[in-house]
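> The primary structure of each chain is shown beneath.
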Amino acid sequence: MDNLVKKAQSGDKEAFISLIEAHKQALYKIAVSMLKNDADAADAIQDTVLSSYENLRGLREPKYFKTWLSRILINYCNRILTERKNMVSIDECPELESSKADSSEKDFLDLLKQLEEQYRIVLLLFYVEGFSIKEIGTILEMNENTVKTRLSRGRSNFKKLYLKEHPDSKYKMEVQE
Amino acid sequence: MNKLNIDREMNELLQNDIKIPDIVNERLEISYEKIQNGEVHMKRLRPQQRKKGFYKALTIAAAAACFVLILSGILYANPALARDIPILGNVFGRLQEMREKTPYSEKDKTAYKNIEQHSKPLKQEADFITTAQDQGITMSVSEAYCDGVDLYFTLSLRTDDAVLNTADSIDLLSYRKDDPIAFWSWLEINGEEVYPYTTISAKKSEEGVYVGLLRVSALNLKAEVFPENMTVTLNAGGMGAHKYNEIPDPNIPNYARTGFKTVDGSWKLRFQPSIDASDNQTTELYAENNGVIVQKVVKTPTSTHVTVYLPGSFAAKNPALALSDGAGNRLYQETAKFFPQANGGQIQQAVFNYTEASDFTLRVYDKNAKMEEGAEMPPLLAEIPFSSN
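Residue numbers (the numbering used here), protein chains in the order written: chain A, 17 to 193; chain B, 10 to 398.
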């Protein structure tokens, strides 16, 4: 992956597109979990792709490409959230239930919908992206203790929600309150 | 809690690939095309971002230091002269030049030329301070314009600080009494705290020079109108240096505000913009479709303000407004402010780009609805043609 970043930095457009394709799933998961609708997620992803291409040479360490890209995306998502914060409560947004047919997608989105806002992005970055606690702290501008607390509480919330919706979970008997 | 099993289950669920919706794939394809066609360019590193640029940066810093020494010597000898020295010749020219250099200049259709034409140099009277200096940083406001709906003013910073000079933008910070944490600066209009559309910051124009155009909406004031005799005060206690798309340093507290370098000091400006609403065109109307009502249009020399009522039943649809002129050209929406109503509805004051058009169509879309296959836009909730004066 680092080689691909270096190739892209040297002007190889196809290398850059390959990088984005490799991170497409993660970009979409982060954007839709923050914005909760596909149209805004598409806006944020497009801005992120163009902006990251423009500024790619400013990335000094290729190994931080994923962190850097996620940070740019989160900035764009936050900008969209700020713009629409007074419009409609996301809890009222019915899209996540109504418009998704694919079952894996529905599970994913159902889970996100039920998690509290403050835990959602931390869990996503930790479990989906595989970022370390320190990296998440950097991306979200939080100190590591806050990340740890949110991760712990998010995990606990997930457990309650998941078992409520999946009473036949194979792990049910092993989980203790 | 059996943490291991929960982790395993979360991993299984969250790491599964999910279907990327068509709208996202389409937008990615558009982005790829822009990159492949050369519509978007990878920026070159500026010399000071390269190692070889070190000596150049040193030379520039030394030259800047000499300049400031000379300048500060003059100002120290004759403080009265400071007020008369134009810090920057043509702030609007610089703003326009910076805007045109951005690859997405078409996205920012702020009517700079109109703002420039209507702006007036600020009064240089004893009670007003349009230039402030501290810590080697000179901050000044030179021109302002208020159309009664929005207030615009230019802000420029000049610095000899070599590290600060590596910033792409500089945010103004202020401290509240007895609070050591810096916040983004605010303004006071006749003593009332008010925030502009964006943080008060200036972007790099050239080595050592940063400029910005600030915009304040009357809606951000309690009375929602600018007072007739308006005195604007800006009291900055710090400057935070930022780079585009920077990765925050976890070792610097409040990085989002303070940036990679903060310079504390005291810069106070006080100026009095005059209000000139003579070029505004206001149309009161009642144009309705499907419960959506266009109530008022105010066309100012800088933007188009449309007041729209949205019924409560639309709240969960995340309605999106799209305004087009009579020729079908869509006007870029700059911002909006929302006023919830007792009946569950909402009045939205939407601000669009400046236009000379007088015929419009407002379309309201259901942004939360599932897109039909092959559809270019979400389902339409209302379509309202109307005319202004």
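Because the hints were derived from the structure by calculation, they are not lab data. It cannot be assumed that every hint is accurate.
Stated by the list, open to error - Straight-line alpha carbon distances no greater than 30 Å define the calculated DSSO-like cross-link-like pairs of lysine-lysine that follow:
1) A:K40 / B:K277
2) A:K82 / B:K28
3) A:K82 / B:K270
4) B:K43 / A:K82
5) A:K29 / B:K52
6) B:K270 / A:K79
7) A:K23 / B:K305
8) B:K52 / B:K122
9) B:K43 / A:K79
10) A:K150 / B:K305
11) A:K23 / B:K252
12) A:K164 / B:K213
13) A:K29 / B:K43
14) B:K28 / A:K29
15) A:K23 / B:K52
16) B:K122 / A:K22
17) B:K346 / A:K29
18) B:K52 / A:K79
19) B:K122 / B:K305
20) A:K82 / B:K252
21) B:K28 / A:K176
Unchecked claim - Just so you have them, the derived chain A footprint on chain B, three or more residues with Cβ under 8 Å:
22) 30 to 43
23) 250 to 257
Note that the structure is predicted; figures quoted are calculated from it, not measured. Beta carbons are placed, not taken as given, at the ideal position from N, Cα and C, and that holds for glycine.
> A separate judgement is required for each hint: does it hold in the structure or not?
Now for the hints, and whether the structure bears them out:
no.: 1; hint: A:K40 / B:K277; result: violated (47 Å)
no.: 2; hint: A:K82 / B:K28; result: holds (21 Å)
no.: 3; hint: A:K82 / B:K270; result: holds (25 Å)
no.: 4; hint: B:K43 / A:K82; result: holds (22 Å)
no.: 5; hint: A:K29 / B:K52; result: holds (13 Å)
no.: 6; hint: B:K270 / A:K79; result: holds (25 Å)
no.: 7; hint: A:K23 / B:K305; result: violated (54 Å)
no.: 8; hint: B:K52 / B:K122; result: holds (27 Å)
no.: 9; hint: B:K43 / A:K79; result: holds (26 Å)
no.: 10; hint: A:K150 / B:K305; result: violated (51 Å)
no.: 11; hint: A:K23 / B:K252; result: holds (24 Å)
no.: 12; hint: A:K164 / B:K213; result: violated (38 Å)
no.: 13; hint: A:K29 / B:K43; result: holds (11 Å)
no.: 14; hint: B:K28 / A:K29; result: holds (25 Å)
no.: 15; hint: A:K23 / B:K52; result: holds (15 Å)
no.: 16; hint: B:K122 / A:K22; result: violated (41 Å)
no.: 17; hint: B:K346 / A:K29; result: violated (40 Å)
no.: 18; hint: B:K52 / A:K79; result: holds (20 Å)
no.: 19; hint: B:K122 / B:K305; result: holds (25 Å)
no.: 20; hint: A:K82 / B:K252; result: holds (18 Å)
no.: 21; hint: B:K28 / A:K176; result: holds (26 Å)
no.: 22; hint: 30 to 43; result: holds (count 10)
no.: 23; hint: 250 to 257; result: holds (count 5)
Figure legend: structure checked against the earlier numbered hints; hints not met, in rising order: 1, 7, 10, 12, 16, 17.
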